[in-house]
Structures are given as C-alpha cells and as structure tokens.
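A.B. asks: Each chain is listed here by its residues.
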Amino acid sequence: MKPPAVRYARAGDVREAVALLAEHGSDAKVLAGGQSLVPLMSFRLARPSILVDINRIGGLDRIEQDNGSLLIGAMARQRDVELSDVAAAAVPLLPQALRYVGHVTIRNRGTVGGSLAHADPAAELPAVVTALGGDLVLEGPGGTRSVAAEDFFTGTFTTVMAPDEVLVGVRLPRLPDRTGVAVEELARRHGDFAVVGVVAAVHLAADGTVDLVRLAASGVDSVPVRLHAAEAALSGARPTADVLEAAAATVDASIHPTDDVHAPASYRRHVARLLVQRALGAAVERSGAER
Amino acid sequence: MTELASESTAQRDTLSITVTVNGHAYTADCEPRVTLADFLRHTCGLTGTHLGCEHGVCGACTVLVDGRSARACLTLAVQADGATITTVEGLATGNTLNPLQEAFWDNHGLQCGFCTPGMLMTATELLADNPDPDAAEVRECLSGNLCRCTGYDSIVRSVLDAARRMRG
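Chains A and B, in that order, are what the protein sequence lines are.
Residue numbers are given in this note's numbering: position 193 of the first sequence equals residue 193, and the series is strictly consecutive.
Residue numbers are given in this note's numbering: position 42 of the second sequence equals residue 42, and the series is strictly consecutive.
One chain only, chain A, in its complex shape (with noise of 0.2 Å):
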C-alpha cells in the first residue's frame, strides 16, 4: 500500500523539531531514515498528520571519540557506523552488530537514532547499547537530558521519550583494548529480524580472570534486556567451560519471552542460553587480541 497523506516540515535544528513536536505532541512523527516509519505508513500502522525531517540538520550525523565514550548523532547512518575506524576502534561490538541489521540497502538509510526510537524488542542496536550501558541523550523543550539504556525502553515499540522529545545521540563507553565482541543470532534468514540474538563483550586481566563482561539479549522480552546474573557470574572468575555453562544457566530467570509466530518461549528460552554460552565462548576466545 501507500503512506497515507500527511504533512511535512523540516527541521533546520533540533530546536526547530522541537517545537514541531510541540506544537503536534504524538500527531507527529520524527522523520530519520524512514526504513521503519515508511512502511508502518504504507501498513496504515502509524497514521501521523505530520512529519518531523531531521535528515537536514546539521551535525546530527557525526561519530566521535570525546572523554572515553564514543558519542554517535542520532543521524547517524547505520553503514557509516559499521564501516567507521572510529567506532570500530572505541566500541568493536558495534560494527559487528551492525552487520546483522536488515541489509547493505536498508544500512545505508536506516539511522542509529531511528533504531533506537522505534525501540523494537528484536533489534540489534538497542541490545548493543543496553549491554554497554550506554546514555541515550534527548532534547526536549525544557532543554537536554541523558538516559541511561535499561531506563529508555520501557515495552515493545515504547521508550521514555515524551511526544516533543528528540532523540539526539548515544554515548557508549570505549571497550578496553583487547576486548573480545561477539554476536550471536538466530534468524530464519540473513537480515531478518533475530528469533533471539546475544551481543557479549569480555575483557581478562593480566592473570587470566575475566575483569570487564557485557551480555545483552534481544527478542527474549519487551524490552532488550542485559544480564546482569550472567555478567555477575563470569565477573571475576577464569573463563572455563564450567564457568561459562554457568553463566548461561542463569538466563533462564533473567527474560521473559513470549510465544509468538516465529517460535514458542520455551525454545526462546533454550536457545538463548545456548547463545548466551557461545558468544561469551566467542567473546573470550578473541580477547586480548590487538585491534
């Protein structure tokens, strides 16, 4: 089908979006990429009267180290990201998440910050940036403010942005050198959205233990979800078989899945486990490698 009518206007800066959104409250839409707000449109799923461009504005789109964090703009594309040094060298666990996003095609448009808004539960960024405990930075008629990942999102398609709220950036902290990343994904096809996925970060000490370890899930529950009794069990320990079968044993409580069309939550639940034990294997397998 075709987007439904609807308005337009474009927004010279975040200010003037802003005050758009304002004016509209949730009549409007924020326009980034539009890789999933044009066919929620054509779907007739999302009938906004307005949108809200804010490809035109300027310095939305860069991707900077500054202070141990790499900041990214909200305009940011999701193919920039994956092939930029700079992202690549501060936070390696992004590019290769990245490459499970939809396709070349669709990564060509398709923005960080419009990932992060449309909040969907299945979707790698939100988990990468959940699992790093990353700050989301919105800009509001009141002024700016930061939010940490596991506050954003709050349900399936849902975060805690308010209407006239806009979605600026994310800050993610620089991953050690010699961190191992891996991601681990279970989809009926290349690009498609992942039936489960894990993202892991692992970092060893000098003496062999594990000193630095971030594990988040999607397509487990509502929302992306780090885990936190996983992370704690290999904190601290050396990296064994036992110990990696461990942590995996405790994902169990940690998600919440839900049976749908694509599979029941007891097989959720059995391969986010086995996931979970792989990209951690993954993960401390390519530690302390240079990069």
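Worth double-checking, as some hints may not be accurate.
[What the hints assert, rightly or not] So the derived list for chain B, only partly shown, Cβ under 10 Å to chain A, looks like this:
1) L97
2) L142
3) L160
4) M166
[Unchecked claim] Not close to chain B: a few residues of chain A, all C-beta gaps over 10 Å, as computed:
5) A5
6) P39
7) V137
8) V160
9) R171
10) R189
11) D211
12) H270
These aren't lab readings, by the way, just hints derived from the structure by calculation.
Backbone N, C-alpha and C define an ideal beta-carbon position, used for all residues, glycine too.
Following the hints, position chain B against chain A.
C.D. replies: For chain B alone, kept in the frame of chain A given last:
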C-alpha cells in the same frame, strides 16, 4: 535569518522538489506521502524501477541515491530532494548494455525479469565497493532481493561473471 528559519520549518501539504535522475533534472510538486519509487515511475515516467512488496522486503525497487543503494519504496521523494539518482534505465548506453547487464543476459540471470532492476542496482553497488567478491559475498549482498523464478544460482553466476569482465 528569521525568514530562512520559517522557510525551513514551513509545514506543507506539497513541496516543489528537484531530483536528478540518470543525468536529467526533474522538478515537480510532490505530496510528502509519495515514495521515491512512485515519483520515479509516475512523475519521471521511469517504470524500470519495479514495485513488488512496497514495504522494503523484496528489493525490486532498489535504486542508487547519491551513489548508495536505497529502497525507493522506503524513501520518500521529499527526502531525495536535491539528490542524484541512478535507476536501471541509467545503466545501458543507448542500446549497449553495460557489462553487468550483459553478464545477466549471457548467464540467464533473469527469467520473468521483475526482480532484475533491483538485482542490477544492488549488484552495481557491490561491484563498485568490492570488484572481486566471492560467491558467498554475492549471496549475502543479494539476500535482500527476492527472486521467484531463478533459484538465484544464475543470478550469483551473472554477478561473478560481471565482476570478472569488469576487472578486465
């Protein structure tokens, strides 16, 4: 300054946009809801860009926007204002097929031809970025383009053959 700001935030039902397609500039009034695919087909009369699913799954409408592949059904025409577009009509020179098109011809890379414009445009970007892909890379690249006739083998063969020809 104030005038500029109010100009940019004007809330419109239609917009005059200019898009350069295969070297020709098209200027037209356009409703915001019109996709780039419909703009190309209806306003520019370029019906080589095919619409299969109209929600970003089949890849038949793939075009190049400023040199990078995009789904024309997932791009609003107003977003392409000022952009340079290449469609399948821009590949051949007159009646002379380009090497990629020729390779599709020679390797039976199409049967009904509906998906072919999207296949060609997606492969165009791949070969520009990676002149020597292996079969797995071609398959991954084309995984977002659906073909209901060929079973893909002949398409993959066509792209690999085109890569060989283009490397010379």
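A.B. asks: Decide, hint by hint, whether the structure agrees.
C.D. replies: Hint check:
1. L97: 23 Å, violated
2. L142: OK, holds: L142 (chain B) within 10 Å of chain A, min 9 Å.
3. L160: Hint violated; L160 (chain B) Cβ to chain A Cβ min 18 Å, cut 10 Å.
4. M166: 19 Å, violated
5. A5: Answer for A5 (chain A): violated, closest chain B Cβ roughly 6 Å.
6. P39: Contrary to the label, P39 (chain A) does not stay out of reach of chain B, its closest Cβ about 4 Å off (not over 10 Å).
7. V137: 22 Å, holds
8. V160: Fine: 26 Å to the nearest Cβ keeps V160 (chain A) off the interface.
9. R171: 27 Å, holds
10. R189: Incorrect as stated: the minimum Cβ-Cβ distance to chain B is 7 Å, not above 10 Å.
11. D211: Check passes; 35 Å lies beyond 10 Å.
12. H270: 26 Å, holds
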